[in-house]
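**Q** Here's the letter readout for the chains.
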Amino acid sequence: AQSVTQLGSHVSVSEGALVLLRCNYSSSVPPYLFWYVQYPNQGLQLLLKYTSAATLVKGINGFEAEFKKSETSFHLTKPSAHMSDAAEYFCAVNSGGSNYKLTFGKGTLLTVNP
Amino acid sequence: DVKVTQSSRYLVKRTGEKVFLECVQDMDHENMFWYRQDPGLGLRLIYFSYDVKMKEKGDIPEGYSVSREKKERFSLILESASTNQTSMYLCASTGTAPSSGANVLTFGAGSRLTVL
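Listed in order, the protein sequences are those of chains A and B. In this text, residue positions in the first sequence follow my numbering: the first is 1, and each later residue adds one. In this text, residue positions in the second sequence follow my numbering: the first is 115, and each later residue adds one.
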């Protein structure tokens with residue numbers, strides 16, 4: 001079984017401040033991990049993914065995430081928030097192989113204040 | 115550049131009506147999914163299909179059925195809509211071969227259903 005826990009349903013930061021969105025996973029096999037972003041009235045789009053290569057993964061729009069097996073974490077960061085980063089962010093896990101199903105976290109709404 | 119198209123962005127239906135939500139992808143993907151998105155609950159998998167005419171239940175299949183007669187089209191059916199099915203419905207697809215970006219889901223824009 002696999003699961004994802006996103007700590008904090010709502011995170012608020014000032015423009016230019018560090019963004020940190022937390023994700024912890026549970027998986028019985030080495031996981032594939034993903035961060036997706038959803039802008040208002042849109043579907044989800046991929047920010048970045050970890051598929052057992054480098055543990056520090058860089059994504060679009062200046063975001064990155066680090067896979068830490070010992071902490072079962074895959075936190076998303078961005079050094080300097082921009083107003084356009086305001087969106088909902090979802091962490092997701094799957095167990096790879098022939099299983100293409102993703103299990104999603106409940107999401108974190110990021111607000112960026114001017 | 116639209117790759118996963120959901121036919122209706124907004125629908126309003128009455129309790130007991132039969133509802134069809136259509137999803138079409140143009141990427142020749144084998145796998146297609148229907149998720150339901152509710153505030154505070156994230157995305158929950160309703161059904162998925164890994165081939166034409168093949169389907170498997172996800173985590174919350176009750177009250178829903180699906181149809182996949184052609185590779186590019188995956189339909190979600192609410193046989194008798196109820197108010198607790200008011201939600202955002204998201205369709206997604208992914209390929210199998212690594213060249214098609216296996217394990218990365220491509221989502222449609224969503225269909226917001228209101229059942230009165």
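Since the hints were made in silico from the structure, they are not lab data. All values reported here derive from a predicted model rather than from experimental measurement. One should not assume that every hint holds.
[Unchecked claim] With a straight-line cut-off of 27 Å between C-alpha atoms, the simulated DSSO-like cross-links for lysine-lysine are:
| # | chain 1 | residue 1 | chain 2 | residue 2 |
| --- | --- | --- | --- | --- |
| 1 | B | LYS167 | A | LYS101 |
| 2 | A | LYS58 | A | LYS101 |
| 3 | B | LYS184 | B | LYS169 |
| 4 | B | LYS184 | A | LYS58 |
[What the hints assert, rightly or not] Each pair of labels, with its calculated beta carbon distance range:
| # | chain 1 | residue 1 | chain 2 | residue 2 | range |
| --- | --- | --- | --- | --- | --- |
| 5 | A | GLN42 | B | THR210 | 33 to 43 Å |
| 6 | B | GLU170 | A | PRO30 | 15 to 25 Å |
| 7 | A | SER3 | B | GLU183 | 28 to 38 Å |
| 8 | A | GLN45 | B | THR228 | 18 to 28 Å |
| 9 | A | MET83 | B | LEU230 | 35 to 45 Å |
| 10 | B | LYS117 | A | HIS10 | 43 to 53 Å |
| 11 | B | GLU183 | A | GLU15 | 29 to 39 Å |
| 12 | B | TYR124 | A | GLN45 | 40 to 50 Å |
| 13 | A | GLN45 | B | THR200 | 20 to 30 Å |
| 14 | B | ARG187 | A | GLY62 | 17 to 27 Å |
[What the hints assert, rightly or not] Output of the computed footprint for chain A on chain B, the stretches with three or more beta carbons under 8 Å from beta carbons of chain A:
| # | region |
| --- | --- |
| 15 | 126-140 |
| 16 | 177-186 |
| 17 | 218-228 |
For every residue, glycine included, the Cβ atom is placed at its ideal position computed from N, Cα and C.
**Q** Hint by hint, note whether the structure agrees.
**A** We went through each hint and held it up to the structure:
{"no.": "1", "hint": "B:LYS167 x A:LYS101", "result": "holds, 18 Å"}
{"no.": "2", "hint": "A:LYS58 x A:LYS101", "result": "holds, 23 Å"}
{"no.": "3", "hint": "B:LYS184 x B:LYS169", "result": "holds, 13 Å"}
{"no.": "4", "hint": "B:LYS184 x A:LYS58", "result": "violated, 36 Å"}
{"no.": "5", "hint": "A:GLN42 x B:THR210: 33 to 43 Å", "result": "violated, 26 Å"}
{"no.": "6", "hint": "B:GLU170 x A:PRO30: 15 to 25 Å", "result": "holds, 23 Å"}
{"no.": "7", "hint": "A:SER3 x B:GLU183: 28 to 38 Å", "result": "holds, 33 Å"}
{"no.": "8", "hint": "A:GLN45 x B:THR228: 18 to 28 Å", "result": "holds, 25 Å"}
{"no.": "9", "hint": "A:MET83 x B:LEU230: 35 to 45 Å", "result": "holds, 36 Å"}
{"no.": "10", "hint": "B:LYS117 x A:HIS10: 43 to 53 Å", "result": "violated, 31 Å"}
{"no.": "11", "hint": "B:GLU183 x A:GLU15: 29 to 39 Å", "result": "violated, 49 Å"}
{"no.": "12", "hint": "B:TYR124 x A:GLN45: 40 to 50 Å", "result": "violated, 21 Å"}
{"no.": "13", "hint": "A:GLN45 x B:THR200: 20 to 30 Å", "result": "holds, 25 Å"}
{"no.": "14", "hint": "B:ARG187 x A:GLY62: 17 to 27 Å", "result": "violated, 37 Å"}
{"no.": "15", "hint": "126-140", "result": "violated (count 0)"}
{"no.": "16", "hint": "177-186", "result": "violated (count 0)"}
{"no.": "17", "hint": "218-228", "result": "holds (count 6)"}
Checked against the numbered hints given earlier, the structure breaks hints 4, 5, 10, 11, 12, 14, 15 and 16 and satisfies all the rest.
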